[in-house]
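Going down the list, the protein sequences come from chains A and B. Under this note's numbering, think of the first position of the first sequence as 1, with each following residue one higher. Under this note's numbering, think of the first position of the second sequence as 1001, with each following residue one higher.
I should point out that these hints are in silico values taken from the structure, not numbers from a laboratory. It cannot be assumed that every hint is accurate.
[Claimed, not checked] Think about it this way: if two alpha-carbon atoms lie no more than 20 Å apart in a straight line, the pair counts; the simulated SDA-like pairs of lysine to any residue are: (1) 334/A <-> 282/A; (2) 1329/B <-> 392/A; (3) 1329/B <-> 187/A; (4) 1343/B <-> 186/A; (5) 122/A <-> 308/A.
All values derive from a computational prediction rather than experimental measurement.
Residues per chain are reported as follows:
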Amino acid sequence: MLQAQSPEITFMRSTFSSYYREAMIEPPHRFARREWGFFPFGGKMMFRHIAFRNRDELEEHFRRSAPMHAYHSAAYYQDPGAQPMAEKVKGWMGADLIFDLDADHIPGAEELGYVQQLAIVKGEVIRLLEDFILDDLGFPRSSTYLFFSGGRGYHVHVRDPGVLNLSSNERRAIVDFITGRGFSIEVAFPKEVVQVNTRFGSSKSRRNFRSVDWGGWVGKVHIGKDRLITELSALEPSLRKKRLKDIARAGRVQAGDQILSSLDESLFGRSNGRSASRLKGSGLFDVFPNNQQLELFLRLVVSYSSISLSGETDEPVTTDTKRLIRAVSTLHGKTGLKVTPIPLDRIDDFDPLRDAVALGDDRVDIVVERGSRPDMAGGSHVLEKGVNKVPLYLAYFLIGRREARLHPHIRTGAE
Amino acid sequence: MEPADVARYPFLEASRDHVKARGISMSAISSDEFRVVHQFARQRLLDAVDGSGRPEMERPGDVEALILSYPLSRFIVSAIRDRNLVKWFSHREAEVAADNLENEGLEAMLSIGAEVGLKAYPPPVEKRIEPPMVLKGVRPSGDDLIERDRRSYWVRMTDYLSARSHITGQEWDLSNQRLVNGYIELNRRRYIRLVQELIKTRIESGLEPGPDIPSHGAIRDIALEIKARVDTRRKEYRPISMGAVTITRIPPCMRQALGMTQAGENLPHHARFALVAFLNAIGMGPEEIFKVFATSPDFKEDIVRYQIDHIRGSSSGTEYRVPGCETMKSTGICFNPDSLCEKDWMNSPYTYYRVKGKKKGGYIGR
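If we strip away everything but chain A, and leave its shape as in the complex, we get:
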């Protein structure tokens, strides 16, 4: 943690101060009905329960305090500035439905650089939108908003009238759908009696796998199995097993090495993977020798096709109807990047290090421990170990992420 009064903090604060003196804040939808919260530079806690009646008040606040982080509630309140001694005082009027996807929730992301982390999260966001929000869940494009968070992820806000009054429990049900929780093979693919022998009182039953156009998780399993097999087929056997293991871990599917190996064997071992190609593209799941393998395979497909939402277990975002979320068009204090709205049809092209850069390009001297070649604001920068002169946006980004320090001559010269 940077010291509260360190030269770096002073630099960061004054950078934001100059920015907010000039910049326009784009107030979020119905901003006067929302509670705001701010985290100051060098501060230890958030100031909450702040409300603005109009745009001038809002902009004045940013000019005056230049917060390190700025948030507003997903909820709308009668009296958003009321202190929450009793929650009723605020008068909850409903809340947007928020999805938070962040690199910290992607397994193995810590080992990757910022650019790769964000690329992975972007892939997840696209799946969240195309496979869930705009597909089965049926939310219209016109009430779905996508934002780059300024940090290591993306936020999706749904403002459909149907979601505003959903309780926390009801939001949990939507999260469960997206994460595939609660999916039951027995309910989704029920065993049905296909033949009854009245003389002996016996019957024959068969699982009904329905088909892709059934929708919901039934459809997702049909699509997911094809995608998964395509992906696995392209891998070397050893990588294939590792991939299966990762998918199992991500979906908390309990499966030992041995059973994963036999599953792999059933799919790809016999007759040169003919089972895998039979399974792919057909609605038939009869390539497994036993029920245990079939169920394991289905669980893996669910894990593979679901989305990991940030911290829904420990720090809920979607289900917390009073939570604060980062405000659009404000700067993220750890990167200096701007919380940026992204039109849904532009997500493919969006590059945070180009499209969310908001700070200027005045030259700043910084010190780095090792050399690197970051791309930012459409240009390539070459950093050598030691002192470098870089544009303000890059200096802030590196200092905020603690990959660089200010040069001592600025340190002593500052205030």
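Assemble chain B onto chain A, guided by the hints.
Just chain B, lined up with the frame of chain A:
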């Protein structure tokens, strides 16, 4: 709406209007002239408290009295000011309405569903032809309307979520629904089940504690009688004191199930089973377990006793074990897992109870 319809669904707007149009005040209704109304209201309330049969009409003219008995029973429930009675009353009234809906014509059923918040929409996709029901050697069974109705009822997902909020069980989880473009497919039985939930909510929502019990007259007599019955039912089955059982050691899933039961909410079958097996495993006796369920709205004494005996093994010879965490999860009743639940080795609610106890014991010794 015909008076007979009003009588079957007295919680609808049209029914309220019907009563309002008659312009009878609560004080007027207490006169002896409305004796039949009093009888019907009393019967309604007794039915809610201990399930002793619906009011029967003897003459066709009684239908108006039956209609009036609904607002009168609500008035009495509000005056008695008892949370359990509110739950029991709204549960029972909704249950009866749902029974009626099962045999209702399509249009009427859908309009009632829409009024309480579950509008049915045309299918968002071409209806796929399901495989024929009659297979080799299988004869179609049951010929009441609900079995014969093979129609699909598509409702908006958000409406579905609000309606099913208090129903648990995998067959209701969103992940197991046919969900297409924001619409969920229901059959008639499931549609009615959700409408029943919404009716219950509607009935319950207006039942705030109301004016005092009248100081004299027929309505006072009924109110006092019902209040006594409520007290008796509660006393007979007073919510348990956990006794030797340490409440802080109970895992979150079981605490949730217990809380729901004691708040007078219905537990899904799996959860009830798990709870009984758990309470049995931690050493509670059958009487104590029995009392846990006494405030359930769908409480039926002989059934509950049978289930307890069955799970404890005294009737079946097999003592059922507490379901493991995996089973709890896959049946959708693993509620609010905490950090202890998340441990790799945690395998059942019973393990949680034992481990939590050990930790505590360690500190007590110091």
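Now the hints, each set against the structure:
1. Restraint check: the Cα-Cα separation between residue 334/A and residue 282/A comes to about 49 Å, which exceeds 20 Å; the hinted pair is violated.
2. A hinted pair counts as satisfied when its Cα atoms are at most 20 Å apart, and residue 1329/B with residue 392/A does not qualify at roughly 51 Å.
3. As the CA atoms of residue 1329/B and residue 187/A are separated by approximately 14 Å, the hinted pair is consistent with the 20 Å bound.
4. Annotation: proposed proximity of residue 1343/B to residue 186/A is violated, straight-line Cα distance about 27 Å (limit 20 Å).
5. Under the criterion of a C-alpha separation no larger than 20 Å, the hint pairing residue 122/A with residue 308/A is consistent with the structure, at around 13 Å.
Comparing the model with each earlier hint shows violations of hints 1, 2 and 4; every other hint is respected.
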